[in-house]
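Asks: Next come the chains, spelled out residue by residue.
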Amino acid sequence: MRKIIFVYFLFLAGNLRAQTPPPASPTAAASSAPILELEPLIITAPRLKLPPNAVLDPQIDANLLRLLQLPNMRPNSQEQLDPSLTNLANLTTLDGYNLQTRYTQLGFLLTEGLAGTKNLTLQNSLQTIVQTGTNVQIQALALDALAYTHDPQFIPLFQSALQNTDVTIRFTAMEALYIMADGKPNSNISSIIYTAAEMDSSLAVKLYASHLAWELGNEFGRETLLHHYQDTDWFTRAFATHYLGEMGKNDVFSLLQTQLYSETNPSVQAELCGALLKMEKYSKP
Amino acid sequence: MVEHWSEKPGVDSSILSLAILSLAILTLSSCVPQPGAPGAPGAQANSSNSSPTASVLSSSQTAKTDPLITSTLINLFDNLNQETVTLNNTSGTPLGDIISIGTPTGFRLRNHYTHIGIPITEALSLNTKNSRIRKELKTMARWSTNYEVRSEALIILANRHNLADEPVFKEALLYFHSGVRFGALEALAVWGHPHHAIPLIKNETDPNTEGIPILNVYAAGLLARLGDPSGVPMLRSFVSNPSWVVRAMAAQYLGDYGDASDYDRLVNRINQEQQYNFVVAEDCIAAIKLFPKKQAAGQ
Chain A
1 MRKIIFVYFL FLAGNLRAQT PPPASPTAAA SSAPILELEP LIITAPRLKL
51 PPNAVLDPQI DANLLRLLQL PNMRPNSQEQ LDPSLTNLAN LTTLDGYNLQ
101 TRYTQLGFLL TEGLAGTKNL TLQNSLQTIV QTGTNVQIQA LALDALAYTH
151 DPQFIPLFQS ALQNTDVTIR FTAMEALYIM ADGKPNSNIS SIIYTAAEMD
201 SSLAVKLYAS HLAWELGNEF GRETLLHHYQ DTDWFTRAFA THYLGEMGKN
251 DVFSLLQTQL YSETNPSVQA ELCGALLKME KYSKP
Chain B
286 MVEHWSEKPG VDSSILSLAI LSLAILTLSS CVPQPGAPGA PGAQANSSNS
336 SPTASVLSSS QTAKTDPLIT STLINLFDNL NQETVTLNNT SGTPLGDIIS
386 IGTPTGFRLR NHYTHIGIPI TEALSLNTKN SRIRKELKTM ARWSTNYEVR
436 SEALIILANR HNLADEPVFK EALLYFHSGV RFGALEALAV WGHPHHAIPL
486 IKNETDPNTE GIPILNVYAA GLLARLGDPS GVPMLRSFVS NPSWVVRAMA
536 AQYLGDYGDA SDYDRLVNRI NQEQQYNFVV AEDCIAAIKL FPKKQAAGQ
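Those protein sequences? They're chains A and B, same order as listed. For the first sequence, the residue numbers in the working numbering are 1 to 285. For the second sequence, the residue numbers in the working numbering are 286 to 584.
Just chain A, same shape as in the assembly (with noise of 0.2 Å):
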């Protein structure tokens, strides 16, 4: 029977895209989408920008240090009394939702601060962290900051991280790779990350990494996604069908299409449109 409703319902898009006006022109609706959130929450590494000759004024990377040394990355007592916290979770809108998450989690602040660092007694300190430390986001965040020296002697750093037992670790590790590779295709790197997602026991890593797999230019990334974005649990189907959207092309289109017409989750649904209306220079028959 599920085969007979599903047979319809792809004979009934089929029909409908026949039969609707010609399809959009193709124009980036991605890149020309609008400004949704003006500080956006992703790692900027301003050390980056640094010249080669920079000597920065010794505090700074001295207290850097010392915050990730602290045992714990939450606001302490004293910075909890501030009224303006509770100010903060009032905003509702992605950049609130960022300033909350900004103010709240000391590990963001110090990736930002670390990301890319040149000064060896900051590297060999976060190697160590991650080798020998014992709190995940801690280690979790070195990795991150290493990750942005774009330095290839830290692959290794990075494989031997793979095998981690904690998701957070594996999660990073992969990520960390995916910075390594600076966003441009690295067939070395997107089948180390690959293999990585295949053997992961967490399906969220599995999906992630798939899809920086994808990235990178394996096209089994894609493979893995597509496996994926008719998953009985709403948040694998949102997670798959979300980076779909972002890579996808007309076969993809096609069948986020046709699934629209039968998802029922809100969130599903929105992950659905949203990647939809991304891919919609895709949307020729």
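Check each hint, because a few of them may be wrong.
Claimed, not checked - The calculated lysine-lysine pairs, modelled on DSS-like cross-linking and capped at a C-alpha distance of 30 Å, are:
#1 A:K118 to B:K578
#2 A:K281 to B:K423
#3 A:K49 to B:K578
#4 B:K455 to B:K487
#5 A:K281 to A:K184
If you are wondering where the hints come from, they were derived from the structure by calculation, not from laboratory data.
With chain A's structure known, arrange chain B on it following the hints.
Replies: Just chain B now, kept in the frame of chain A:
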């Protein structure tokens, strides 16, 4: 994990659902407006109101977008206050794995998948050429009692860069809820009419009003971002505010928009802020950003 929505795609639903869906699809394919026709599948899943699909069909569609996308988005946005992602019992699930990841990417993914307004807003922002969506957005930006809906609608509306929307932003700046006022400030920054936006933003920077300190410093940062000469001096004054969050925000924006002199200003404050780890970190990051300006100035 407790979900407020049905867990599986609707292909297993009843024949009646199929009939309703078919009717909706055939209606779309024949392009015949059918006011009052049954809703899209997405609408059925929501416990809330009826689907707006039919009314969407009768409105003027853009030639480019599948009408089901438009109707689904409007329905989702209309019912945003009834949609929540609850985070109980997520341990061991894919969502649980993602929200446990304490890295910048992990935080970003957590925000995206635990606030349903974010993916809905992102999708809506890609479809603002649709007249029905434009009208809905304006209504939401003015009248929605859901703070998240109203503030997100303001930002999407601003991205249309329409000067005629100025009264909507003025109204929102007077609203009692700080989240909506914050959304209005963000909206003014992307609106594309800085000469009209700057005086409105300036009103929000005065700490002597009944304003909220984080809105005051955020507004000062926006002035600096828009190139208004009063922005950076205001940010410098916020560096000694009693609230550490305000000091941290001021340092962040000074790192982006300050000049060579701000490098020393912020480095000199690091020692005074030893009890406030987030401010120390922001001061360090801002100083790193400002170093090239300091070097270029030969200081």
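Asks: State for each hint whether it applies.
Replies: Hint check results:
Between K118 (chain A) and K578 (chain B), the direct Cα distance comes to roughly 20 Å. Compliance with the 30 Å bound is thereby established for this hinted pair. For the given pair, K281 (chain A) sits about 27 Å from K423 (chain B) by alpha-carbon distance, which is consistent with the 30 Å threshold. For the hint linking K49 (chain A) to K578 (chain B), the alpha-carbon distance of about 11 Å falls within 30 Å, and the restraint holds. Between K455 (chain B) and K487 (chain B) the alpha-carbon distance is near 13 Å, which keeps this suggested pair within the 30 Å criterion.
As the CA atoms of K281 (chain A) and K184 (chain A) are separated by approximately 23 Å, the hinted pair is consistent with the 30 Å bound.
Violation of the numbered hints given earlier is absent; every hint is satisfied by the structure.
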